[in-house]
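Could you use the hints to bring the two separately framed chains together as a complex?
As you go down the protein sequences, you meet chains A and B in turn.
The first sequence lines up with residues 8 to 476 when you count with my numbering.
The second sequence lines up with residues 2 to 428 when you count with my numbering.
Simulated from the structure, these hints should not be mistaken for laboratory data.
Please read all numbers here as calculations on a predicted model, not as lab measurements.
For each residue, glycine too, the CB sits at the ideal point set by N, CA and C.
Wrong hints could be hidden among the right ones.
As the list claims (entries may be wrong) - Far from chain B, some chain A residues (derived; all Cβ distances over 12 Å): (1) Leu-27; (2) Val-58; (3) Gly-67; (4) Gly-73; (5) Glu-99; (6) Tyr-126; (7) Gly-147; (8) Gly-162; (9) Leu-167; (10) Leu-176; (11) Gly-203; (12) Leu-276; (13) Tyr-392; (14) Ala-394; (15) Glu-436; (16) Trp-437.
To be verified - If you want a taste of the chain B side facing chain A, the calculated C-beta under 10 Å gives, among others: (17) Leu-364; (18) Val-365; (19) Leu-383; (20) Gln-387; (21) Gly-389; (22) Ala-393; (23) Val-416.
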Amino acid sequence: MVALAILLPILFGLLLLLGLPRVLGVWGAALSFLLNLYLFLAHPGGVAYEVQAPLLPQAGVYWAFGLDGLSALFFLTIGLTVFLGALVARVEGRFLGLALLMSGLLLGLFAARDLLAFYLLFEAALIPALLMLYFYGGEGRVRAIYTFLLFTLAGSLPMLAAVLALRVLGGSPTFLLEDLLAHPVEGTAAFWVFLGFALAFAVKTPLFPVHAWLPLFHRENHPSGLADALGTLYKVGVFAFFRFAIPLAPEGFYALQGLLLLLAAAGALYGAWLAFAARDFKTLLAYAGVSHMGIAALGVFSGTPEGALGGLYLLAASGIYTGGLFLLAGRVHERVGTLEIGRYRGLAASAPGLAALALFLLLAMIGLPGLSGFPGELLVLLGAYKASPWLAALAFLSVIAGAAYALTAFQRVFWEKGEWRMEDLKGAEWPFALLAVAALFLMGVFPGFFLKGLEPLAEAFARILGGGA
Amino acid sequence: MTLLVLAAFSVGLTLLGFLVSPSALRGLTLLGLVLALLSLLLTWGEGFAFGPYRVDGVSQVFTLLALLGALWTVGLVRSRRFEFYLLVLYAATGMHLLASTQNLILMLVALETLSLPLYALATWRRGLGLEAALKYFLLGALAAAFFLYGAALHFGTTGSLEVGVAGEGPLYALALGLLLVGLGFKVALAPFHFWTPDVYQGSPTPVVLFMATGVKAAAFAALLRVVAPGAPEALGLLIALSVLIGNLAALLQKEAKRLLAYSSIAHAGYMALALYTGSLEALGFYLLTYVLATGLAFAVLSEVSPDRVPLESLRGLFHRDPLLGLALFVAALSLLGLPPLAGFWGKYLVFLEAAQAGQWGLLVLALLTSAVSAYYYLGLGLAVFQRGQAEAAPRPWARSAALLAALLLLFLGLVPGLVLPALAAGS
Chain A
8 MVALAILLPI
18 LFGLLLLLGL
28 PRVLGVWGAA
38 LSFLLNLYLF
48 LAHPGGVAYE
58 VQAPLLPQAG
68 VYWAFGLDGL
78 SALFFLTIGL
88 TVFLGALVAR
98 VEGRFLGLAL
108 LMSGLLLGLF
118 AARDLLAFYL
128 LFEAALIPAL
138 LMLYFYGGEG
148 RVRAIYTFLL
158 FTLAGSLPML
168 AAVLALRVLG
178 GSPTFLLEDL
188 LAHPVEGTAA
198 FWVFLGFALA
208 FAVKTPLFPV
218 HAWLPLFHRE
228 NHPSGLADAL
238 GTLYKVGVFA
248 FFRFAIPLAP
258 EGFYALQGLL
268 LLLAAAGALY
278 GAWLAFAARD
288 FKTLLAYAGV
298 SHMGIAALGV
308 FSGTPEGALG
318 GLYLLAASGI
328 YTGGLFLLAG
338 RVHERVGTLE
348 IGRYRGLAAS
358 APGLAALALF
368 LLLAMIGLPG
378 LSGFPGELLV
388 LLGAYKASPW
398 LAALAFLSVI
408 AGAAYALTAF
418 QRVFWEKGEW
428 RMEDLKGAEW
438 PFALLAVAAL
448 FLMGVFPGFF
458 LKGLEPLAEA
468 FARILGGGA
Chain B
2 MTLLVLAAFS
12 VGLTLLGFLV
22 SPSALRGLTL
32 LGLVLALLSL
42 LLTWGEGFAF
52 GPYRVDGVSQ
62 VFTLLALLGA
72 LWTVGLVRSR
82 RFEFYLLVLY
92 AATGMHLLAS
102 TQNLILMLVA
112 LETLSLPLYA
122 LATWRRGLGL
132 EAALKYFLLG
142 ALAAAFFLYG
152 AALHFGTTGS
162 LEVGVAGEGP
172 LYALALGLLL
182 VGLGFKVALA
192 PFHFWTPDVY
202 QGSPTPVVLF
212 MATGVKAAAF
222 AALLRVVAPG
232 APEALGLLIA
242 LSVLIGNLAA
252 LLQKEAKRLL
262 AYSSIAHAGY
272 MALALYTGSL
282 EALGFYLLTY
292 VLATGLAFAV
302 LSEVSPDRVP
312 LESLRGLFHR
322 DPLLGLALFV
332 AALSLLGLPP
342 LAGFWGKYLV
352 FLEAAQAGQW
362 GLLVLALLTS
372 AVSAYYYLGL
382 GLAVFQRGQA
392 EAAPRPWARS
402 AALLAALLLL
412 FLGLVPGLVL
422 PALAAGS
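The shape of chain B in the complex, shown without the other chains (with noise of 0.2 Å):
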């Protein structure tokens, strides 16, 4: 059903585009990704399957996140071009896709019906993105490559394209570990996420908001599902390098949305955790709240400036718009993980089922970057009170959603008993 609303409103829009105004085609745009939104909650908690096609919790769980990535990234813009929104369609059709199969051919065609609209969209402003996209072009296309020779491999040792079959030798190990990276470089693991800071940095920041939280809800749904026998022990190399590279890293950055950038790195890193044992309460959770902060960061930002924003102008943003920079102050905290904000449960439910798995060695990491981590987000979150000369004219649509996802932050902070059971009843 979901699907069926978006490739049918992406496909039915491509033709309209040429008929109707840009902004007319917005709205039908946000229509469309609603009534997506509203046909998964409708049957939130029902499977579906047709062929290799399967909706289940873990597809709802991560669908929604991604279509909340898509509607905020059309909502906060305004483009004169239509193909914008098309695109942002497609790669949301992509992202459900990608959710909801185990079928390993189905996952890469998914895979690349998602990036390719996001390489056109990193060019989005003419001459801005170029160099971003070029890389984020290269770079998918060679994970696009892993992911094929580990498809390759797991059908040649398991003679089966599902993922979940279990099986063993070398060659199977090799396999995994092929997917594993090629998933490694949409979610941004180190060490595959080379092209993140760059591609953040140099894409217009809507943009930047929709692959830092559709993408990569997408690529995490695919990732469970890929290590859900059993987590190759690779993984943990990858967790602890991201962690330690994405937190150390940020700690030098002077642009916020490179510092963004190795935060996502780092998240990717903390989210991995709940891999060990697959708990799709933990890590939809987690997401959910990383969509919300991550979101609400950029989404800020991109009231700021389209292109870079370096830290120092964002300096008195909270005396130019009260609003906006207590937005980006709550949003840097519930990064950070500080109760009683969102994120502080979210590292909690992931911490926890790392210690159910007795990953105490990457526990510990986890949480030592973690302290790392606070020098930079205050840094980031504090500079909006400091004396300065901020830009920002915000417009109703960012105002608002500014206001929703700060208010769901520290709601979900204070009551996050309340979505669990949602995400439990997936399961």
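Here chain A stands alone, though its shape is the one from the complex (with noise of 0.2 Å):
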């Protein structure tokens, strides 16, 4: 089950790559979404749908895969937010086609169960992020393109010394992560191969100050959003981090710990203060991610069951709702050609679906309680409370000036008097609308229903770390 939720948009977007119509790719995003909910909701709890095959048994790497809870909230997280993606984005064959191939990639690296299996799909859902940016790129892509390549890399290389210390040093029969958990580095060694993984991870999540690949990133993206969303997507350093980085080397994350805390409260702030000087819209929501990601990591950080729940359940969250607002931008962009905050003013007297529609994102993102930003939000705030009171508080500054800065663009863009028109919401704009603001409220009203596959994990999490409930 697992492998066919994986290969499903890997083919679709083989498919278009080789040039079939669009309307094909919609239908694979959508199947796909269908296969996730069902995955989803069929999950029975514990490890679910596992699939191993040799990769290369030799050298103890497996393709294996399987569902927890956690990575099935994270299928339905990427399965939507693909689909809202493929309704409504603008974009030739080929582009959706690149999309569904990373969409692929990321689900499969949500799932890996092989430490090494998860690290080659992290780096081949570049590919396809680069050539999207290569290929529908803005003016200034190729150094974007660069830093990019270049922060990854320069992070992901560490790790790949890590994944072979941590298994050479702690006598691992294979990188299965059963193995690898049964298997721990300890003193010395566990503090570099922490390190090794925090630095690719801290690149991906984006924690302060490796986060300037980032706004250039989405500046030169695709007006569209696609690529934005999925980039959204592939911010999954906190998930690794949780999964992999501090559960096989806890010692170094003790060593650690306090400074990772400080960079990501920082970070928080940082990008909130930065996403309230930013000109336009695609910026804002740029620098709105590095302060959500800051204050995700933070919970994940603390180390407390709490937090780490928090997190995760705001990483998914934002993958929705950041995603959505960056295709909503691509509508905008379409229709008034600039993304320029302050060009065009007073747009909800023409489009007031529209508007509704991107007032319920903002509201979701700065964390409106009842919608899907919050629950998160309040988790983090209450394990980062006992983890450190004070960084606690300093981070959730960021929320209140996420408030600030997302009603002010709001106000600045919608509100304000202009003489500016422009077309509402018009076909497949209204499904995509629909449920979007549904998965808002679901995910806001119910945070009980999704989060029920994570609390196990959460303790586990905890308990390694010795503390938790």
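Right, here's the structure in full:
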């Protein structure tokens, strides 16, 4: 089942790359979403739907996939966001093909039960991201590509060293997660191993100060927002800290916990500040992403079950609302030709539906109770407060700042008096809006339903760290 | 058997060359190489010894790679002079011999057998490669001299011409060091790499393909045997210098062949990491992916121009010919070691060996320089997509070989596990 869910979008992606019409991609995305939804709803708990095939058994590497509660939640998020993107993004078939290809690789990454398979997919997902940026990006795309790639590789190659060290020094027979967990590394080695992981995942969180690639990446990507939405899903750092880096080298984590908490809190605040100063909508969203991921990271770094739960939930929720906002920005760009804030005003008068959708997504982003951003932020606050009250207070200034930058931007674009006229929601944008808003509400009102598969994992995580309830 | 086929074809075709047309000779050369490959595959995993000529796993794996390089080179070239094919055959014979002996004197003979034809091949286009060939020849002769000194000292300290006999004392260390220098020239490890960029740039591209694949494979086989009893400490220095100089100098290059020359120096450094544990699997697999990727890159370049290839002249290749453009892109990414291409597994296996040998310092250096290399490989790979007026009129042979190599790189990247047992069976 899992193999099918991963291969389905890859297959459709390849077909589209070969030149098949775009509509096939929409069907592929829909099918993938439904399959992921089924996997999530029918998930029995524990690690389900496991598959395993030898990849390089001589060196202890397997294609091992399986869904636990966490992976299932991300399957749902990815399936939904990609489907939303396929519905509304006005892009040619090949672009959609690359997006589907990348979504398949991301699904694999979240389901991987083998560290090296994870690493492989983590790196492989770069290729479609780079190609989307290269073929469909803006003027300064080459610089954005280089920045993105060099940041990523500077992180992921130390990670490869850490992966090798983990197995050689720990004495595990394979790279399967269970085996690795049974053979932990200790002492100084654990510190270096964790540092290697931390570099790679910090780039992909993105954690301050290695977030610098992100704004450039989003600014130069295609205005439709499809690539940005996938880029948002690609921010797997928080997940990877939780799944791999911290449980596999807890001693190293302890040594760096203080620093990481500080960086996460500082990043949250710094991102919010820059988002406030951003001149165009995509840059604003990019920095808002930095800020939110800082909060999510703070939750996981707190080492408490609540914090971890909240951080992961925030990550899953932000995939949908930030991705949705990027796609929405793409719709606006198509209508008015620019994303600069302040160039157009008073759009709400002519496009009330679009304005309402934007407001919903923004409110979810800033964590209004009842929408999907709130439960995550609340849980992070609870967890982070246990670990460090001061940093929690500092980081949560950024939530207040979030309300400021998001609502200011909304006010300037949609409400202030202006001459601009714009078409309202039409065609496929209606189901897009309804699905997105439904997801925001469901995730905001029934967090327990989405979190039930996560709770045992968060407990186990806290137990590894010696704390927890 | 393989040796018999190669030698018989070399000598036989030398005589025939005066009688039949060059194109018929080309066909016969291809036939000879294919027969040699077949004989190799049919006896895969079986040992054979005749005096100092000894076929074992190392010899089979590296001969296979060298023959692939030779086959590719002959396939790409249509020469009006029959000598070209003969020289490749003679060189291939030398490569097989070099990979199949533990005897230092036979190694030297084999080294010369493979080098002399290459000196001539470098000048194959009149006037073009003279300077390169002269440089190659002079430094090659120097390397042979070093090797000979090393062999003499080895005999003096251990009383044996067989490598793998452990000895001790400063003279023995000196002997190993000299042998290392001699072979270091051939595989282009820094600081013995100075000939590489000039020779690669100045020689005809198909010949460079042969140098970068065949010579490197054969010389690494010898290197593997020489350092087998215990890697000398100087090796670490050579590796560190190779990966540093290779990758950093490649950043500055504006010409594709020169860039790939520096990349080959860096790759020699990575491959040498596997010498610490002497793992045939890791080194063999790395060389396989390297031969495919670097051969692919040179094959594409040779379709663009037989002479120099400035990076600008590659622009727009994808739009002119999608297959060639994509092939170069795939080759560059595989050389960089980005999953899911085969190059990643090569690097992974070699780095794993280094980790098992406890060479953490070198490992970290190798990883960091890999990250640096992303810059120039990406420049090479993305150039084909840019707007430009690349000239290319690929011939069918080049097309199908490029397609095959690119698919193999992808296939080996997805299921590397299929090939490793075969490599392990040899050892």
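Hints, verified against the model:
1. Every Cβ of chain B is farther than 12 Å from the Cβ of Leu-27(A); the closest lies at roughly 17 Å, confirming the non-interface assignment.
2. Every Cβ of chain B is farther than 12 Å from the Cβ of Val-58(A); the closest lies at roughly 15 Å, confirming the non-interface assignment.
3. At the 12 Å boundary, the C-beta of Gly-67(A) falls inside the reach of chain B, the nearest C-beta of that chain being 9 Å off.
4. Non-interface status of Gly-73(A) relative to chain B is upheld: no Cβ of that chain comes within 12 Å, the nearest being about 20 Å off.
5. Under the 12 Å C-beta cut-off, the non-interface status given to Glu-99(A) relative to chain B holds; the minimum distance is some 16 Å.
6. Consistency note on Tyr-126(A): stated as away from chain B, yet its beta-carbon is not over 12 Å from all of that chain's, at 8 Å minimum.
7. With a minimum CB-CB distance of about 14 Å to chain B, Gly-147(A) clears the 12 Å threshold, and the non-interface call stands.
8. Gly-162(A), annotated as away from the interface, has a beta carbon of chain B within 12 Å; the closest lies near 9 Å.
9. At roughly 6 Å from the closest C-beta of chain B, the C-beta of Leu-167(A) falls inside 12 Å, breaking its exclusion from the interface.
10. Not every C-beta of chain B lies more than 12 Å from that of Leu-176(A), the closest at about 8 Å, which undercuts listing it as non-interface.
11. Against the 12 Å criterion, Gly-203(A) falls within the reach of chain B, whose nearest CB is about 9 Å from its own CB.
12. Interface exclusion of Leu-276(A) from chain B stands, the closest Cβ pair being 30 Å apart, more than 12 Å.
13. A cut-off of 12 Å between C-beta atoms confirms that Tyr-392(A) is not in contact with chain B; the least separation is 38 Å.
14. Annotated as non-interface, Ala-394(A) keeps its C-beta farther than 12 Å from every C-beta of chain B; the closest such distance is 31 Å.
15. Glu-436(A), annotated as away from the interface, keeps every beta carbon of chain B farther than 12 Å; the closest lies near 32 Å.
16. Trp-437(A), annotated as away from the interface, keeps every beta carbon of chain B farther than 12 Å; the closest lies near 37 Å.
17. Interface restraint check for Leu-364(B): the shortest CB-CB distance to chain A comes to about 6 Å, inside 10 Å, so the restraint holds.
18. Because the smallest distance between the Cβ of Val-365(B) and any Cβ of chain A comes to about 6 Å, under 10 Å, the interface hint for this residue holds.
19. Hint status for Leu-383(B) relative to chain A: holds, with the closest Cβ pair at about 6 Å, below 10 Å.
20. For the restraint placing Gln-387(B) at the interface with chain A, the shortest Cβ-Cβ distance is roughly 9 Å, inside the 10 Å limit, so the hint holds.
21. The criterion of a C-beta within 10 Å of any C-beta in chain A is not met by Gly-389(B), whose closest approach is roughly 14 Å, and the hint is violated.
22. A least Cβ separation of about 21 Å between Ala-393(B) and chain A goes past the 10 Å threshold, and the interface hint is therefore violated.
23. Of the supplied interface hints, the one on Val-416(B) holds, with its beta-carbon coming within about 7 Å of a beta-carbon of chain A, less than 10 Å.
In this structure, the earlier hints numbered 3, 6, 8, 9, 10, 11, 21, 22 are contradicted, and the remaining ones agree with it.
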